[in-house]
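Asker: Chains as they are written, first to last, in the working numbering: chain A, 1 to 166; chain B, 1 to 148.
These are calculated hints, taken from the structure and not from any lab test.
It should be emphasised that the depicted structure is a prediction, and the values quoted were computed from it without experimental measurement.
Certain hints may be false.
Stated by the list, open to error - Here are some of the chain A residues that sit facing chain B, going by a computed Cβ distance under 10 angstroms: (1) ARG7; (2) ALA12; (3) LEU22; (4) ASN27; (5) GLU32; (6) ASN123.
What the hints assert, rightly or not - Derived list of chain B stretches under chain A, where covered just means 3 residues or more per stretch with a C-beta under 8 angstroms from a C-beta of chain A: (7) 8-18; (8) 30-36.
What the hints assert, rightly or not - Far from chain A, by Cβ distances over 12 angstroms, these chain B residues were calculated: (9) PHE86; (10) LEU93; (11) ALA94.
All C-beta atoms, glycine included, are put in the ideal place defined by N, C-alpha and C.
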Amino acid sequence: MVRFVTRALGQALLIALIGAALALTVNQFREEGLPLVGDWSAEARFTDDSGQDMTVSLDRARELHQQGALFLDTRSSELFEQGHIAGARNLPWESFDRMFGEIMSDTAPERDIIAYCDGESCNLSHELAITLKALGFSKVKVLVNGWTVWREAGLPVENNSAGEGS
Amino acid sequence: MSRPSLYSVARLALGVIFLIASLDKIIHPQPFSEMIYNYRLLPDKVVNLSALVLPWMELVLGLLLTLGRALPGSVVLSNLLLLAFFGALMFNLARGLNIHCGCFSTDPSGDPATWWYVTRDTGFLVLGGYLFLKTILSKQSPAARKTK
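Pulled out of the complex, with its shape left as it was, chain A reads as follows (with noise of 0.2 angstroms):
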């Protein structure tokens, strides 16, 4: 028994470290090879493809909200139903093919766009606002965290129950 243990963890050892050789060395020689200790911040998570920072600070995102911006909220339809940013419109990420149309098709590509979810780690918002940039919508943002941090700085909200502007 001691030696079928010993025998199999070694080889599942060598496995791993094959793996792990096949994987750096082609990795090595890719031209799109990943970096092999990635930047994960937040400020390197939300830039477009140009490099440029997509993140819109709270504040900003109020002003913007005074002066008319488009809200998108890229979560469910569920979630956006129990309660969305004063005036937002709905554009999960999971449909965007179906919606687009339909939820943008009276939005100027220079108006403020402001894409947002929930959670630190959501990635649908700044997926949407990539996309929308390469779409040509050039004044896209994400508001990191977006749901969470306007709800508790206690800004306008509304659920569909409650009716628009409430």
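Please build the complex by placing chain B on the supplied structure of chain A, with the hints as guidance.
Answerer: Chain B only, in chain A's frame:
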């Protein structure tokens, strides 16, 4: 012996599962690293390394299982990986994190992790557990060794 044993069928199945699971992630390491990051289980520093190494480990395991080589080691490592994946999935389901599985594809547009993934991964664990037990038993019993 013309009829394949249940053991070989299970071994081939798990091997093919690992092979399929590895390919998309090897081709797209960047989206896969984002999925690992979204699981929020590993320290930031090892996210990329895991995204690079895991799929290649799966590929090597898949090949070994399919070919029936180095079985004690590949069966043990497969089970360790399956347990780790299952644990990660369950942990995030329990804390209500709405994320994508990243199990076979790095495409984030499908449904996020749901009970379907849990059911499927349970199936993989049963498969892995069966192979593990059979491998241990066949190595332990001299009779089994002779007939092999």
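Asker: Run every hint past the structure and note whether it holds.
Answerer: Checked hints:
| no. | hint | result |
| --- | --- | --- |
| 1 | ARG7 | holds (6 angstroms) |
| 2 | ALA12 | holds (4 angstroms) |
| 3 | LEU22 | holds (5 angstroms) |
| 4 | ASN27 | holds (5 angstroms) |
| 5 | GLU32 | holds (7 angstroms) |
| 6 | ASN123 | holds (6 angstroms) |
| 7 | 8-18 | violated (count 0) |
| 8 | 30-36 | holds (count 3) |
| 9 | PHE86 | holds (18 angstroms) |
| 10 | LEU93 | holds (15 angstroms) |
| 11 | ALA94 | holds (16 angstroms) |
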